[in-house]
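Full structure from sequences and hints, please.
Sequences listed follow chains A and B, in order. Just so we're aligned, residue 1 is where the first sequence starts under the working numbering, counting upward by one. Just so we're aligned, residue 1 is where the second sequence starts under the working numbering, counting upward by one.
Note that these hints are calculated values from the structure, not bench results. Careful, some of the hints might be misleading.
Below, simulated DSSO-like cross-link-like pairs (lysine-lysine); rule was C-alpha separation at most 27 Å, straight line [what the hints assert, rightly or not]: (1) A/Lys43 - A/Lys65; (2) A/Lys76 - A/Lys56; (3) A/Lys65 - A/Lys76; (4) A/Lys43 - B/Lys106; (5) A/Lys56 - A/Lys13; (6) B/Lys46 - B/Lys106; (7) A/Lys76 - B/Lys46; (8) A/Lys65 - A/Lys13; (9) A/Lys65 - B/Lys106.
Derived list of chain B stretches under chain A, where covered just means 3 residues or more per stretch with a C-beta under 8 Å from a C-beta of chain A [what the hints assert, rightly or not]: (10) 70 to 83; (11) 93 to 106.
Every residue, glycine too, gets a C-beta built ideally from N, C-alpha and C.
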Amino acid sequence: EVQLVESGGGLVKPGGSLRLSCAASGFTLSSYSMNWVRQAPGKGLEWVSSISGTSKYIYYADSVKGRFTISRDNAKNSLYLQMNSLRAEDTAMYYCARAPQLVGPSDYWGQGTLVTVSS
Amino acid sequence: QSVLTQPPSASGTPGQRVTISCSGSSSNIGSDNVNWYQQLPGTAPKLLIYTNDQRPSGVPDRFSGSKSGTSASLAISGLQSEDEADYYCAAWDASLNGWVFGGGTKLTVL
Numbered sequence: 001e002v003q004l005v006e007s008g009g010g011l012v013k014p015g016g017s018l019r020l021s022c023a024a025s026g027f028t029l030s031s032y033s034m035n036w037v038r039q040a041p042g043k044g045l046e047w048v049s050s051i052s053g054t055s056k057y058i059y060y061a062d063s064v065k066g067r068f069t070i071s072r073d074n075a076k077n078s079l080y081l082q083m084n085s086l087r088a089e090d091t092a093m094y095y096c097a098r099a100p101q102l103v104g105p106s107d108y109w110g111q112g113t114l115v116t117v118s119s
Numbered sequence: 001q002s003v004l005t006q007p008p009s010a011s012g013t014p015g016q017r018v019t020i021s022c023s024g025s026s027s028n029i030g031s032d033n034v035n036w037y038q039q040l041p042g043t044a045p046k047l048l049i050y051t052n053d054q055r056p057s058g059v060p061d062r063f064s065g066s067k068s069g070t071s072a073s074l075a076i077s078g079l080q081s082e083d084e085a086d087y088y089c090a091a092w093d094a095s096l097n098g099w100v101f102g103g104g105t106k107l108t109v110l
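As structure tokens, this is what we get:
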């Protein structure tokens with residue numbers, strides 16, 4: 001059974017940092033691209049970042065470019081999102097999602113981890 | 001302001017057919033496939049339609065998708081109370097080099 005479990009969310013002050021993790025199981029992580037998608041409270045979905053299976057291709061939304069870094073460790077079946085210089089507008093539920101191809105659909109999603117940026 | 005445009009709300013009575021539109025541009029819907037996601041209250045999104053009109057295993061055939069030019073549509077026939085959810089369209093944008101989503105459509109079953 002495919003499972004994606006996010007962790008690492010929490011309350012952080014503006015300007016602070018957090019590292020999100022996504023533990024994958026039930027499939028071979030290296031065969032899939034992975035995405036981070038976020039959802040601010042009461043708002044719609046916003047794509048954050050994507051990484052190909054071998055980490056060769058990495059893309060970021062303009063809203064996080066230069067502040068967030070996506071990475072993966074296929075040997076540890078894990079995906080990460082390092083978030084620096086956090087702002088109030090980064091407050092959201094962060095989901096990791098699996099995609100068979102970099103520009104393919106996200107076919108499995110985790111349950112999300114909540115990040116709150118507030119003083 | 002979302003790159004893809006969806007109506008904020010839609011509604012129908014049980015058994016009815018409803019459609020949700022998604023409008024984009026030549027750099028996203030016009031040049032790539034559209035996927036639709038269903039988000040039930042308090043849960044993570046779920047892939048509902050991929051590559052414009054394909055249903056993942058387990059998705060009832062009451063759900064169908066289509067695309068024409070720079071627009072796409074999701075149709076739900078035989079509406080059921082459990083279809084009450086938020087629906088999002090998404091496409092890869094070649095100009096932005098990233099995924100773009102619609103703002104979401106809240107479907108209410110009256």
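Violated hints, by number in ascending order, as checked against the structure
5, 9 and 10
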